[in-house]
Amino acid sequence: MHELSLCEDMIGLLQERAKADHYKQIKRIQLEVGKLSCVEPDALIVAFNAAAKDSIAENAALKVNEIPGLGWCDQCALEVTIEQRFDTCPHCNGYPLEIRQGDKMRIKHVEVI
Amino acid sequence: MCTVCGCHDEQSRLISIEQDILSKNNRCATINRNYFRGRNIFCLNLLSSPGSGKTTLLIETIKALNNEFSVSVIEGDQQTSFDAERIRKTGVKAVQINTGKGCHLSARKIGRAIDELKPAPDSLLFIENVGNLVCPAAFDLGESCKVVVLSVTEGADKPLKYPDIFHAADLMILNKIDLLPYVDFDVERCFEYARRVNPDIQTLQLSATKGDGMNSWLNWIRQHRKTT
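Order-wise, the sequence lines are chains H and P.
For the first sequence, the residue numbers in the numbering used here are 1 to 113.
For the second sequence, the residue numbers in the numbering used here are 1001 to 1228.
Same shape as in the complex, but just chain H (with noise of 0.2 Å):
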């Protein structure tokens, strides 16, 4: 449940934020996670009720934008739609693809007051 201690860290992040952007409450926040991440946008989301208690995002709505993964293929020189880490060009069944899309996971923005 690594979930749980990477919105800590999010809600520590914005904490942080907070001061120099001049904001005492969290209303949304905008995440874009990669679907080839290592976090499951559901258990983020209970992850986030549990660490959003008494923080400055307490009752925050967190929405998860999903990024698809996305590799190149050497071979065939295309860009190709991945579902995992491991998955082979669908045209040529080739491996290994170089990841160019959904490995990360960012806060993109958030709605304060």
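Honestly, the hints are just simulated from the structure, not real lab data.
Each residue gets a CB set at the ideal place from its N, CA and C atoms; glycine is no exception.
A portion of the hints provided could be inaccurate.
[Claimed, not checked] So the derived label-pair ranges between C-beta atoms look like this: (1) 1211/P with 42/H: 40 to 48 Å; (2) 1056/P with 16/H: 21 to 29 Å; (3) 113/H with 1189/P: 51 to 59 Å; (4) 1222/P with 24/H: 54 to 62 Å.
[Unchecked claim] In silico DSS-like cross-links for lysine-lysine, where the CA-CA straight-line distance does not exceed 25 Å: (5) 35/H with 104/H; (6) 1161/P with 104/H; (7) 1101/P with 53/H; (8) 104/H with 1089/P; (9) 104/H with 63/H.
Given chain H, put chain P in place with the hints provided.
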């Protein structure tokens, strides 16, 4: 946001953050890494599922290298200090971190353990992560290299079942090879699966209890200590 029409409240505003969720951990990891680099400490983060033989491998490694290098150990487990006590019996310094409900070590916890342990300059530092092939994958601790240990009593398809950790590792050690005659484990297929998720992964085979292959591992440490 207003729930009736979706308009933004008067005082509410959007602030662009554009930061990795892991950036707080990564910041602590960079501090640890700079500490290790500044003191020429070679730090290995050992990862595996429970029961792969990490602690036994560590004890045999310490016994073999203790006269050559100063060695210290950070032990991670959910509960108990059994492993740190086993390590201390070899005569080296060990700090136990109990993660409680946590399933991995974080860079911040390693930072605190370093303060307590104060590893010597030019030394080797081993981190034995919590036995778990899932959660520790994402958390950079500032280590010089990640080493994933798999034993032949587990499934050969684990690199595909837990791709994140094999993707993150620099070296994969296949342990308990003395048991190969008694189990159905395809070594080549296992390594091929590991290379599928990580083409650059290096591989070694050994038996920590019987000693087979240990020299290749010890030489790997000696060599990478110089070059990393």
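Against the structure, the hints come out as follows:
Roughly 46 Å separates the CB atoms of residue 1211/P and residue 42/H, a value that falls within the hinted 40 to 48 Å. Checked against the given bound of 21 to 29 Å, the beta carbons of residue 1056/P and residue 16/H, roughly 42 Å apart, lie outside it. The given range of 51 to 59 Å is respected by residue 113/H and residue 1189/P, whose C-beta atoms sit roughly 56 Å from each other. Evaluation of the 54 to 62 Å hint for residue 1222/P and residue 24/H yields a pass: the beta carbon distance comes to about 55 Å.
Our distance criterion of 25 Å between C-alpha atoms is met by residue 35/H and residue 104/H, whose separation comes to about 8 Å. Only pairs whose Cα atoms come within 25 Å are accepted, and residue 1161/P paired with residue 104/H is accepted, the gap being roughly 20 Å. A threshold of 25 Å between alpha carbons decides the hint, and for residue 1101/P with residue 53/H the separation of about 18 Å falls inside it, so the pair holds. Among the hinted pairs, residue 104/H with residue 1089/P is inconsistent with the structure: their alpha-carbon atoms are about 42 Å apart, more than 25 Å.
Note on residue 104/H and residue 63/H: the hinted pairing holds, with a Cα-Cα distance of about 16 Å set against a maximum of 25 Å.
The structure fails to meet hints 2, 8 from the earlier list, while all remaining hints are met.
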